[in-house]
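Colleague: Given next are the chains, with one letter for each unit.
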Amino acid sequence: MSNNRFCEELTALLPRLRRFARGLTHDAADADDLCQQTVERALKSRQQWQEGTRLDAWVYRIMRNQWIDEVRARTRRSQTFAHEDEGETVGMAGDRDTENLVELGNIGRALARLPEEQREAVVLVLVEGFSYKEAAEIIGVPQGTLTSRLGRGREALMRELGETA
Amino acid sequence: MTVTNEELIAFADGELSGADAARVEVAVAADPVLASRIERERQLRARLRGHLDPVASEPVPESLSLMIAAAAAEDMEQDMIDTPPPAQTPPQAKTQPARVLDFAAARARRKAESKAAKPAQQTVPRRWGIGAAIAASLVLGLMLAPQFLGSSAVTERNGALVASGSLARGLDTQLASDEPDALRILSSFRRENGNYCRVYEAGATSGIACKFNGEWTLERTVASGKSESSEYRQAGSPVSELMTAAQNMAVGAPLNAAQERAARVDGWGR
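In order, the protein sequence lines correspond to chains A and B.
When the letters of the first sequence are read in order and numbered with UniProt numbering, they come out as residues 1 to 165.
When the letters of the second sequence are read in order and numbered with UniProt numbering, they come out as residues 1 to 270.
Please keep in mind that the hints were generated in silico from the structure rather than gathered at the bench.
Don't be surprised by glycine CBs; every beta carbon is placed ideally from N, CA and C.
Warning: the hint list may mix true and false statements.
Stated by the list, open to error - Have a look at the derived ranges for each label pair, beta carbon to beta carbon:
hint: 1; chain 1: B; residue 1: Q43; chain 2: A; residue 2: A28; range: 36 to 46 Å
hint: 2; chain 1: A; residue 1: A29; chain 2: B; residue 2: D178; range: 54 to 64 Å
hint: 3; chain 1: A; residue 1: A28; chain 2: B; residue 2: E25; range: 51 to 61 Å
hint: 4; chain 1: A; residue 1: R72; chain 2: B; residue 2: R42; range: 50 to 60 Å
hint: 5; chain 1: B; residue 1: G252; chain 2: A; residue 2: G52; range: 46 to 56 Å
hint: 6; chain 1: B; residue 1: A30; chain 2: A; residue 2: K133; range: 51 to 61 Å
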């Protein structure tokens, strides 16, 4: 029966997972891909989930790790391209991202400009409502690291929004 | 009374409890500077949520729900009580190596697949043959008995679920007055078109089956909460819901014992 429960709970989580994916990726198409891959992976590993533990934190961790892998892969790709193009700098905040940022609005832009590690901390605590402890476990860092990333992310957002408010 | 910046933030994040929270609350109430800092924190949170919450209200892409439904159905096939002989057990997906795809490849793959297949069905494994619509209904609440799905007790015909094997035999032969066995008949009735229907309870599931063209078509199937896992039990009673549904389908009163016997002799109208 536990697997049926797993599938029911996972289905119920989908709206929140989509929100988290959008927060991480700040791009609708990337978020859809991330969700797809996260659900695939969660289903594949469903035997490893322990009933009685929080499924949301478990799936968020999968999504977060999946996204970090993707970011690293992109960084590697863009470094390769940059090398081929004789040293042109194309990074995560390259052309493609800047293009998309126009549609995001102030808060979305400010969030998108945060370093990955600050953005995930901000989204997990301020949007997804996880406690410091839970968020630290999802990311896999000590709680002190989480709170300092959260603090820096928060200050950066306040600064950016302060200018436009 | 001093409040550090960390404490203030922790307070805004709901991380302080009891005496600490009370202390900060008092300080904030007494100090407009602290109060405005708390207010800015709340505004930031509200703006972030205002930006991202709409995503959670969007309809979830069907491909995601179907992917989960297909997995649920797969599990049910494996969990069923009527375990098929080992030779018939399908190979386990778990032993396959994890596919690692980057986004670009995944997108390209899906584009290629969507040309060949209907988008809603593209993520449903092909080896699961009962159909995506039924798969979706599994997760959407119409839980089928794991011991029936994939076993010989339920088969699928033109998109409808039909009783076969032990379930069909039980529906044919058992009376409501019989001692509850694996199958318990709760009520029998006739519906508007004259067909006989029976409300039954079989282990983890209950349902309404109606005899049509010589077969018991499962009109409704719900988890009755009688499985070994008590967590399954929902707030409302599925059986009382079924009885209400039966009442709405029925023409006249439920069959009494004599009428039921007569109907059985008659083969339930065949």
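Colleague: Is the hinted range of 50 to 60 Å satisfied by the C-beta distance from R72(A) to R42(B)?
Modeller: Violated - the Cβ-Cβ distance for R72(A) and R42(B), about 35 Å, lies outside 50 to 60 Å.
Colleague: Between Q43(B) and A28(A), does the C-beta distance stay in 36 to 46 Å?
Modeller: violated (25 Å)
Colleague: A28(A) and E25(B), beta-carbon distance inside 51 to 61 Å?
Modeller: Given a distance of about 40 Å, which is not inside 51 to 61 Å, the answer is violated.
Colleague: Does the hinted range 46 to 56 Å hold for G252(B) and G52(A) at CB?
Modeller: holds (49 Å)
Colleague: Verify the CB-CB distance for A30(B) and K133(A) against the hinted window 51 to 61 Å.
Modeller: violated (30 Å)
Colleague: Starting from the hint 54 to 64 Å, judge whether the C-beta atoms of A29(A) and D178(B) obey it.
Modeller: holds (59 Å)
Hint check: violations occur at hints 1, 3, 4 and 6; the rest are consistent with the structure.
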